[in-house]
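I would like the entire structure built from these sequences, with the hints used as guidance.
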Amino acid sequence: MLSGGDMLIRALKDEGVEYLFGYPGGAALHIYDAIFRQSDVKHILVRHEQAATHAADAYSRATGKVGSVLVTSGPGATNAITGIATAYMDSIPMVVISGQVMSHLIGEDAFQETDMVGISRPIVKHSFMVKHASEIPDIVKKAYYIASTGRPGPVVIDVPKDITSPLYTFPYEYPEKVKMRSYNPATRGHSGQIKKAVQLLLGAKRPMIYSGGGVVQGNASHLLKDLVDLLNYPVTNTLMGLGAYPGTGKNFLGMLGMHGTYEANTAMHHSDVILAVGARFDDRVTNAVSKFCPNAKIIHIDIDPASISKTVVADVPIVGAVDSVLSEMLSLIKESDEKPDAQALAAWWEQINDWRERHGIYTQNRFDTTGDKIKPQEVIQAIWEVTKGDAYVTSDVGQHQMFAAQYYRFDKPRRWINSGGLGTMGFGLPAAMGVQVAYRDATVVCVTGEGSIQMCIQELSCCTQYHLPVKIICLNNQALGMVRQWQDMQYSGRYAESLYEDSLPDFIKLAEAYGHVGIRVTKREELKQKLEECFALKDRVVFMDIMVDQSEHVYPMQVAQQSMRDMILSKTERT
Amino acid sequence: MRRIISVLLENAPGALSRVVGLFSQRGYNIESLTVAPTEDETLSRLTLTTVGDDHKIEQITKHLNKLIDVVKLVDLTEGSHIERELMLIKVKASGAQRAEVKRCVDIFRGQIVDVTSTLYTIQITGASDKLDAFLQAVGDAAIIEVVRTGVCGISRGEKVLSL
Ligand SMILES: Cc1cc2nc3c(=O)[nH]c(=O)nc-3n(C[C@H](O)[C@H](O)[C@H](O)COP(=O)(O)OP(=O)(O)OC[C@H]3O[C@@H](n4cnc5c(N)ncnc54)[C@H](O)[C@@H]3O)c2cc1C
Ligand SMILES: Cc1ncc(C[n+]2csc(CCOP(=O)(O)OP(=O)(O)O)c2C)c(N)n1
Ligand SMILES: [Mg+2]
Chain Y
0 MLSGGDMLIR
10 ALKDEGVEYL
20 FGYPGGAALH
30 IYDAIFRQSD
40 VKHILVRHEQ
50 AATHAADAYS
60 RATGKVGSVL
70 VTSGPGATNA
80 ITGIATAYMD
90 SIPMVVISGQ
100 VMSHLIGEDA
110 FQETDMVGIS
120 RPIVKHSFMV
130 KHASEIPDIV
140 KKAYYIASTG
150 RPGPVVIDVP
160 KDITSPLYTF
170 PYEYPEKVKM
180 RSYNPATRGH
190 SGQIKKAVQL
200 LLGAKRPMIY
210 SGGGVVQGNA
220 SHLLKDLVDL
230 LNYPVTNTLM
240 GLGAYPGTGK
250 NFLGMLGMHG
260 TYEANTAMHH
270 SDVILAVGAR
280 FDDRVTNAVS
290 KFCPNAKIIH
300 IDIDPASISK
310 TVVADVPIVG
320 AVDSVLSEML
330 SLIKESDEKP
340 DAQALAAWWE
350 QINDWRERHG
360 IYTQNRFDTT
370 GDKIKPQEVI
380 QAIWEVTKGD
390 AYVTSDVGQH
400 QMFAAQYYRF
410 DKPRRWINSG
420 GLGTMGFGLP
430 AAMGVQVAYR
440 DATVVCVTGE
450 GSIQMCIQEL
460 SCCTQYHLPV
470 KIICLNNQAL
480 GMVRQWQDMQ
490 YSGRYAESLY
500 EDSLPDFIKL
510 AEAYGHVGIR
520 VTKREELKQK
530 LEECFALKDR
540 VVFMDIMVDQ
550 SEHVYPMQVA
560 QQSMRDMILS
570 KTERT
Chain R
0 MRRIISVLLE
10 NAPGALSRVV
20 GLFSQRGYNI
30 ESLTVAPTED
40 ETLSRLTLTT
50 VGDDHKIEQI
60 TKHLNKLIDV
70 VKLVDLTEGS
80 HIERELMLIK
90 VKASGAQRAE
100 VKRCVDIFRG
110 QIVDVTSTLY
120 TIQITGASDK
130 LDAFLQAVGD
140 AAIIEVVRTG
150 VCGISRGEKV
160 LSL
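From first to last, the protein sequence lines are chains Y and R.
Here numbering that gives the first Met the number 0 is used: position 72 in the first sequence is 71, and no number is missing along the way.
Here numbering that gives the first Met the number 0 is used: position 139 in the second sequence is 138, and no number is missing along the way.
Read the hints as simulated data drawn from the structure, not as lab findings.
Worth double-checking, as some hints may not be accurate.
As the list claims (entries may be wrong) - Which chain Y residues face chain R? A few, computed with CB under 8 Å, are given here:
hint	residue
1	Val116
2	Arg120
3	Pro121
4	His125
5	Met128
6	Ile145
7	Arg180
8	Ser181
9	Tyr182
10	Pro304
11	Ala305
12	Lys309
Stated by the list, open to error - Stretches of chain R that chain Y covers, calculated by requiring three or more beta carbons in the stretch to come under 8 Å of a beta carbon on chain Y:
hint	segment
13	2 to 14
14	17 to 28
15	56 to 64
Since the model is a prediction, treat every value here as computed from it, not as a measurement.
Don't be surprised by glycine CBs; every beta carbon is placed ideally from N, CA and C.
If you want it as structure tokens, here you go:
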């Protein structure tokens, strides 16, 4: 016999939950007391509920497990909203348990009452309101099942305080299986469609493989690699898909989309067959849909039928899980007598290599290092070298995020952890904590800007409490750089509220105030050495405040409302 | 094009708000919506009418299907079906008008369900366009109050929407 509070924590344990990221408050206190009286489920006390959701989200992105969050009612719940929306947009499995006022007070504007189920409704995959303690095991089981299967996403469990009361106990049994008549996520794709896709793919003269976050989430990176290598086709990744195919692999054309490489975007435009796998034709990728890849037939593999033909219409839609569909495609290709057209493919590669030479960012440095100021791109290159390309890199949102995506060449999946769909500033530091909690000995880098870091900077204190030695690399351009870039390009340099007028804190002192190490870099000559110093401090949090050129822009940048190949390549060149 | 989508929904708290929320969140419009429990008390049957091109309707049905509470759905307008709506309407009925309104009710096979010396309350069922036609026949000037249930519908023949 267990109380509702004990049941909840026991159910988490039985579900295999190791860490809960959270913050206590009145409506959640019975649950917190249950946490206190056991040691299986460990709790990480953040400094703001937004950080709890980001940390749990990143824990999930890095490990593939479901992230778990516990917050109190009212302000605790509303503070979690940004993080829930962030996870929702990037399809990250997460369960958020929120305390709620006592059942009999619901609807009476009680102290710290908010309609959490209502507020979170558009940004969750599903939500539950617990009506009776005896429902807890079943609801927890369902919540984790729903969050982690099909197209993953966040699930909210709202628990009124009376339900967790220690005064009442009930029999507890954790269900072994879930069965829901209304929820049967797709797994295998339609074999007929898969056959058609293989035929189309083998007949291609200018093929492109466009893979996204679904390949990372669906643990199918090795299969993607097998497919690319077997066919010797070019491959590009979305911002969310980086690492699904090795960033240094010879068939990799870099990221595509708004800030994608010249070769990836141009090759997409000219391709005749596109295999889109676990990617959702986001507007940051397609540019104007009406001008999108005019000659391409499109094969689209996605587990969510609603992702297919949402913006760009698929010629061969395949609803299914990436791992199963890609395995089936691979065996069909191996069995098939048909082989890719070697001559066409050679010509296609020749063309692509020419594009790479002309404007690629990996064939030579496209940024100017003749001036004194450190360029943000060279900082990322240096981090990549110093960490031997093997770090977990989380990021905030802005120019620094794009530079990290372009210049840190991720060779493994689940190493690049950023907010793509919602673009949430403040994500980076709590995300780094979530990764470090999962992998205590790993090198975890948070690439951030002086704007973003201030949105969750309080978590420096959480890092102290739990000894999470994350390395914060702040590309300090003293501006909301991404905003400033748009203002340069579209508002004739009118920097409306994108500058801080000397109001930035001394980040070194700030880091030290929290008990961490602060290192400032102002000169190019000291960059590499200071970074080495930083990463040598294995068990310390280091805040590197690197002063970079404010005037730098992120290029390439697609020209709005045009096709994929229309890009601005530098301050003076465009396609 | 106008569509009638019929949904079997878990009879669970919050289920209806998820359906309605989906429409406002994604900018789809709902023209009418009816919902009531079925013979199986764990299920509600929800019927909604909406307008949109094929692409939009496809997205609507896909997103409805994604809702965990939606067990099954059918676009009734894809096949032959029966569609009904019930309307209660109060109209002015005094003097010469009284007989005229009565005749109109008979033509549309409605029923007068309540009377006063100056008004009739009429009940009429049928497809929505029949109800619209009745309103037109009676004329704006005579109409005092109109209540419509919204459309419910069912497939013709052997086809059924059930578990
Ligand atoms: C400042 C900024 C700039 C940006 N610029 C770019 C840019 O230049 N290029 C770019 O690509 N993005 C960019 N983005 C990100 C962009 O907004 C989108 O988040 C991103 O393009 C979406 O990536 P995705 O298509 O891989 O989809 P995701 O959001 O990762 O979605 C994954 C898809 O895979 C499916 N899926 C999930 N699991 C499985 C499975 N097991 N089997 C099958 N399918 C599955 C899902 O249903 C979904 O459709 C930018 C974001 C910001 C903030
Ligand atoms: C919470 C939030 N508010 C506003 C924005 C809009 N925005 C996108 S990038 C950016 C500037 C980020 O500045 P900084 O962190 O310094 O990064 P930089 O672009 O300078 O590298 C802003 C304000 C956002 N993405 N998230
Ligand atoms: Mg900045």
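Structure-based check of each hint:
About 6 Å separates the beta-carbon of Y:Val116 from the nearest beta-carbon of chain R, less than 8 Å, and the hint is met. A least Cβ separation of about 5 Å between Y:Arg120 and chain R falls short of the 8 Å threshold, and the interface hint therefore holds. Below 8 Å, beta-carbon pairs count as interface contacts, and Y:Pro121 has one with chain R at about 5 Å; its hint therefore holds. Proximity of Y:His125 to chain R holds as hinted, the smallest CB-CB distance being about 4 Å (cut-off 8 Å).
For Y:Met128, the interface hint holds, since its Cβ comes within 8 Å of a Cβ in chain R; the closest pair sits about 6 Å apart. The interface hint given for Y:Ile145 is met, as the beta carbon of that residue sits about 6 Å from the closest beta carbon of chain R, less than 8 Å. A hinted interface residue such as Y:Arg180 counts as satisfied when its beta carbon comes closer than 8 Å to some beta carbon of chain R; here the least separation is about 6 Å, so the hint holds. Against a cut-off of 8 Å between C-beta atoms, the interface hint on Y:Ser181 holds, since the closest Cβ of chain R lies about 4 Å away.
Of the supplied interface hints, the one on Y:Tyr182 holds, with its beta-carbon coming within about 5 Å of a beta-carbon of chain R, less than 8 Å. At a threshold of 8 Å, the smallest CB-CB gap from Y:Pro304 to chain R is about 5 Å, leaving the interface hint in force. Against a cut-off of 8 Å between C-beta atoms, the interface hint on Y:Ala305 holds, since the closest Cβ of chain R lies about 4 Å away. At a threshold of 8 Å, the smallest CB-CB gap from Y:Lys309 to chain R is about 7 Å, leaving the interface hint in force.
For the segment 2 to 14 of chain R, the proposed coverage by chain Y is satisfied: 3 residues have a C-beta within less than 8 Å of a C-beta in that chain, meeting the threshold of three. Closer than 8 Å: that is the beta-carbon criterion, and the segment 17 to 28 of chain R has 3 residues meeting it against chain Y, so the requirement of 3 holds. For a cut-off of 8 Å, the count of residues in the segment 56 to 64 of chain R with a CB near a CB of chain Y stands at 5, and the three-residue condition holds.
Checked against the numbered hints given earlier, the structure satisfies every one of them.
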